[in-house]
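Q: Protein chains in written order, with the numbering used here: chain A, 1 to 98; chain L, 99 to 196; chain G, 197 to 294; chain P, 295 to 627; chain Y, 628 to 960; chain D, 961 to 1293.
You may find that some hints are simply not true.
[Stated by the list, open to error] Here are a few chain L residues that face chain D, going by a calculated C-beta distance under 10 angstroms: (1) Val102; (2) Glu106; (3) Ser115; (4) Ser116; (5) Glu118; (6) Asn137.
Honestly, the hints are just simulated from the structure, not real lab data.
Ideal Cβ positions, reconstructed from N, Cα and C, are used throughout, including at glycine.
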Amino acid sequence: MSVVTHSEKVVQIITSSSLELKLIDTLEDIGIYGYTIFNVRGNGDSGLQDSHIEGDTNILIMIVLSSESYEAVMAALSKYKKKGHHLMAFSVNTEVLS
Amino acid sequence: MSVVTHSEKVVQIITSSSLELKLIDTLEDIGIYGYTIFNVRGNGDSGLQDSHIEGDTNILIMIVLSSESYEAVMAALSKYKKKGHHLMAFSVNTEVLS
Amino acid sequence: MSVVTHSEKVVQIITSSSLELKLIDTLEDIGIYGYTIFNVRGNGDSGLQDSHIEGDTNILIMIVLSSESYEAVMAALSKYKKKGHHLMAFSVNTEVLS
Amino acid sequence: MSGFDSLLIPAVLFFALGVFAQLIKSDLKFPEGMGKGISLYLLMAIGLKGGAELAKADFGLAFQAIFWAFLMGLVIPLIGYALLRFRDRIDPFNAAAITAHYGSVSAATFLTAIAFLETSGIAHESYPIIMMVIMESPAIIVGLVLAMLARKKIAASKPKVAGQEAPGLDTGALLKEAFTNGSVILLMGAMVVGALASPDAMAKVYPFSNEIFMGVLCLFLLDMGIEAAKRIKSFKSAGPTLVAFGIIMPLIGGTIGVFVGITLLDLSVGGAMLVAILGSSASYIAVPPAMRYGVPEANPSFYLTLTLGVTFPFNVVIGIPMFYQMASWYSGV
Amino acid sequence: MSGFDSLLIPAVLFFALGVFAQLIKSDLKFPEGMGKGISLYLLMAIGLKGGAELAKADFGLAFQAIFWAFLMGLVIPLIGYALLRFRDRIDPFNAAAITAHYGSVSAATFLTAIAFLETSGIAHESYPIIMMVIMESPAIIVGLVLAMLARKKIAASKPKVAGQEAPGLDTGALLKEAFTNGSVILLMGAMVVGALASPDAMAKVYPFSNEIFMGVLCLFLLDMGIEAAKRIKSFKSAGPTLVAFGIIMPLIGGTIGVFVGITLLDLSVGGAMLVAILGSSASYIAVPPAMRYGVPEANPSFYLTLTLGVTFPFNVVIGIPMFYQMASWYSGV
Amino acid sequence: MSGFDSLLIPAVLFFALGVFAQLIKSDLKFPEGMGKGISLYLLMAIGLKGGAELAKADFGLAFQAIFWAFLMGLVIPLIGYALLRFRDRIDPFNAAAITAHYGSVSAATFLTAIAFLETSGIAHESYPIIMMVIMESPAIIVGLVLAMLARKKIAASKPKVAGQEAPGLDTGALLKEAFTNGSVILLMGAMVVGALASPDAMAKVYPFSNEIFMGVLCLFLLDMGIEAAKRIKSFKSAGPTLVAFGIIMPLIGGTIGVFVGITLLDLSVGGAMLVAILGSSASYIAVPPAMRYGVPEANPSFYLTLTLGVTFPFNVVIGIPMFYQMASWYSGV
Ligand SMILES: Nc1ncnc2c1ncn2[C@@H]1O[C@H](COP(=O)(O)O)[C@@H](O)[C@H]1O
Ligand SMILES: Nc1ncnc2c1ncn2[C@@H]1O[C@H](COP(=O)(O)O)[C@@H](O)[C@H]1O
Ligand SMILES: Nc1ncnc2c1ncn2[C@@H]1O[C@H](COP(=O)(O)O)[C@@H](O)[C@H]1O
Ligand code: NA
Ligand code: NA
Ligand code: NA
């Protein structure tokens, strides 16, 4: 028996935890209710994010989604970036177990 | 000097922490002893998984494996899904540093 | 409006937290100041890494980088492996939101 | 103490604060692991206390308490199952998983009830503590058995497929799920430690396990208030039948508890109220992981919405003072 | 108590230990979430204490304290903004975000100041605690408004693009950011609990919220010492102007605080020193998340480097004894 | 107190509970970070206590204690290395890494020994606390040097490849590894704080650092019991030679400790038993990270299996009462 999978995309968004509630609202507006959140630390242009106080804590939001939703999510994230918010979003093609 | 890598697959499984011990047993039965576990939070059909109590905590298991083991792992995960367990499994091709 | 992305690589390194400070120094020597760190647990040849004491805690370092930096990072990691350090490094191609 | 005063217990006030913070969408939140850590502390502390007191308890009474606790743990989930299956309103798997939570207990509710009594200076026996330990497990077994029966029934109604085995009843796995649960082991283990250790040794542990207990409970209820309020969003998907069940079921369980406490165990009003809380409260720590694995067909969102979002707040705010009144009215004191 | 003695307070010594550990590149570190958890505890404890004392406080004086605190929260960030915008040294967004931190307060600094007074046996009033609660929010509003004005000015100077709306001033969102902040809610809520709960009930919470308080504070300052020292690396990217601001601004805020405390509120030297610390300290808990979302154009690295890396150590080591001297000199006691 | 009674100390009972929970495959577990956080607390508390007592200690005796501790830290790992290299049973890298753990100490074992003495009302000197601090580091240096020598020998036996440098002995890095370790810094730092701070100031910290100490230790040993039992699975891959070493080595180290305590330092039986525990216990906090980085050729699975899975349980259950008997027999009291 061969394993049945279907192609989707994994989008990962790394940003400050201060944006979490707002980003989740944005995702739900688009109709995305499935996501996974990681508490992470990091470094970048905004300096050390050491996860010791609320303001220096990063999260990574991972969303497995279809190519259709992909465009909507990336467009919404683009808007955040244009306002000046620091977020890094990237996607990878994946095979999801059906 | 060029970097030497070989092709493998990264399988990621997102599910409830209640399944952790059982899934690890299953993996070891297949002969997989190398894996990495992330404590995560999430949302989906089973509702908010906020990681505040044992029953609402998610994990992500990441396994880097060869194409041969891939089939066995996915087949085993399929069985879990058929029994009704909530788990999302997806894979990506990767280049591993040899 | 179509989403604008550019191709990069995601390198992920799984190793013991004991190496964190040194690896970060190595990355900064190469000129890499952007990275994200996950606290993880795991299992492998070095035995159970349960994250309960400093010596059995794993981390995953995720770096989104250009193909140029990729070679330098992998070469540096290779050196660590040659000295006997346990680290697993793998890369995936990704589309990053510009 | 009037019903209203009971709301002025610090633990209850912090619960309300947590609910309030979440309702106004404050970003107040506990770091990951903190709630679980506090929960371990509370189980350890209550176990030690119970063990130390039970070491000097009457064996006969303790045995009776254990017996009735066990029976409550079996009977309450069956009543709940009957209610949920009434006219097939809720499918058998969800019914089994949900009802198991109500047969078990919520340590946080129980501890808040103790805080209510101690703040009001009302005496209570220590037998309910051992009853709490006993009641964690039987309902898990009931839930798993009900789900297995449903699975068999469904399998029987389908044509047999070659090579596919009928779902069996694995008793060993069942008991393992019910009795190796982390909170059962910790509570039971701490009781044994509390009973075995010398009073001198225990005295050195008390500043940690007794003195700071009430304060830690406040912090825990703050977190639980936040978590409870987060589930309110899910009321709509759970539907009115389930939400109503989340209020009716504690009334039934609490009434049974008052009867067991006053009539069968001859406890004081304080003690009977604690038994009522054992009956009325629904587990959200020990049972959810067991049902996740044992009844995967059920929707986890339902049981956490009910136990954490409906029944827990109901008991903390209304149930505790109400069952206290009921116990004193029933006992005629 | 001389200035040097104040450095021998355990909390300050642990802060120094944290800085030292980081400077010698020790791998001493706190597990994730521990600092946040301790911070919740400290806010809860100080809130309860403040609430219990304010329940018996003079209403008129409390009202005055609130009024002046609110005003300080509005005025100090405006002064800071003027300084930072002097000859356009710092762009308006970074200036607005940074100055908001200085109008707000650092609970850890405030608590260290209380530890200084209590260790030295110096009396202080409890009004500064309610002032601390009040001062968390107004500066956030000032910062957001300043950034919005800057945004409008920039938009006005650009040709209008069809379909692009001008940035507006959303008052509701503004107030929400300022008043639903987790630490504001917890502090304010704990004060209400402390004021509402009966003294008997509070007595059961005190071993947790009062007795172990100083020890927990030591652990917290150790962590903060490590975190502060980590930011020293970033001094270079912040530049000398900002680092200088991180020392000048607390001097201004603290002087204002001494004046408010002694002259306007007629407090004791100890109480006035606490008000000075409210003025001089810069928030690194409540304000950074608000600025992250509300002023995304600013660089978060700047404000954390300044508040945690410059002003916090300055206040803990120099500010506290200095403002105490200043208050006693100014009051003539 | 007989050997059996010592097992009824709450801390030891909780350790047993942890082992039991893991053996029956219970899902009892601590949230991530909790064990590390408790460990920081314990180091801080024992450091403060030691510092306060050593401030009033005899300088000459303290110096002697430091001297012998340092020597034990150098000699014990050399004995261990000789044993492991006997007939080339264990390769030099694993031998070096493992033996370094045995030259260092386990704070948890030491604290359990103190709990044993305090519960039994047996007096002990405070010098062993400073000895513990001293003994954290020298063994790390011994382990790193042994590994470097092995590396040189191997390099010498291979033909030289052009452009490849011979492995050198970087003394600076060596000392840094040994002395900037987080637990060394915290212990040493807390001792300095305890010695510098005024008794009044320390009195405010004691409810946290002293009174709740024993209770926190119980919680910690519960976690360590779980972790120890998890390593039992790995016994097979470690092999009988190593497992035997994990029992023989503490016997040797403990005997040396009894001799040092009674004969060289003239301590009481209680004090000498603590020195024995320093000798017999193996580090699983400070040394593993240092060996991970410094001796990457060794298998980390071996040293954690041995120190946490074999030697730690052995000492807690058997070593503590045994070395106490040995010390009183040797001293003739
Ligand atoms: N190149 C990168 N690879 C991985 N993570 C990154 C990278 N750059 C930034 N990040 C993450 O994104 C966060 C915000 O980045 P920045 O806005 O550059 O400060 C950082 O704290 C990191 O966690
Ligand atoms: N589309 C998705 N992308 C990423 N994670 C998901 C997605 N759907 C579900 N998850 C994760 O899987 C868990 C279980 O999903 P579910 O069974 O749908 O409740 C959720 O709590 C999330 O952590
Ligand atoms: N095949 C694998 N897939 C995912 N993670 C792995 C794998 N092998 C090892 N790891 C991770 O890398 C760590 C070190 O591996 P090892 O050196 O084999 O002990 C483990 O503790 C795991 O977290
Ligand atoms: Na119940
Ligand atoms: Na201020
Ligand atoms: Na030793």
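Q: All hints are to be evaluated individually against the structure, with a verdict given for each.
A: Going through the hints against the structure:
1. Val102: 19 angstroms, violated
2. Glu106: 23 angstroms, violated
3. Ser115: Given a least distance of 9 angstroms, the restraint on Ser115 of chain L holds.
4. Ser116: 8 angstroms, holds
5. Glu118: Cβ of Glu118 of chain L sits 8 angstroms from chain D, so the hint holds.
6. Asn137: 6 angstroms, holds
Hint compliance for this structure: hints 1 and 2 are not met, and every other hint is.
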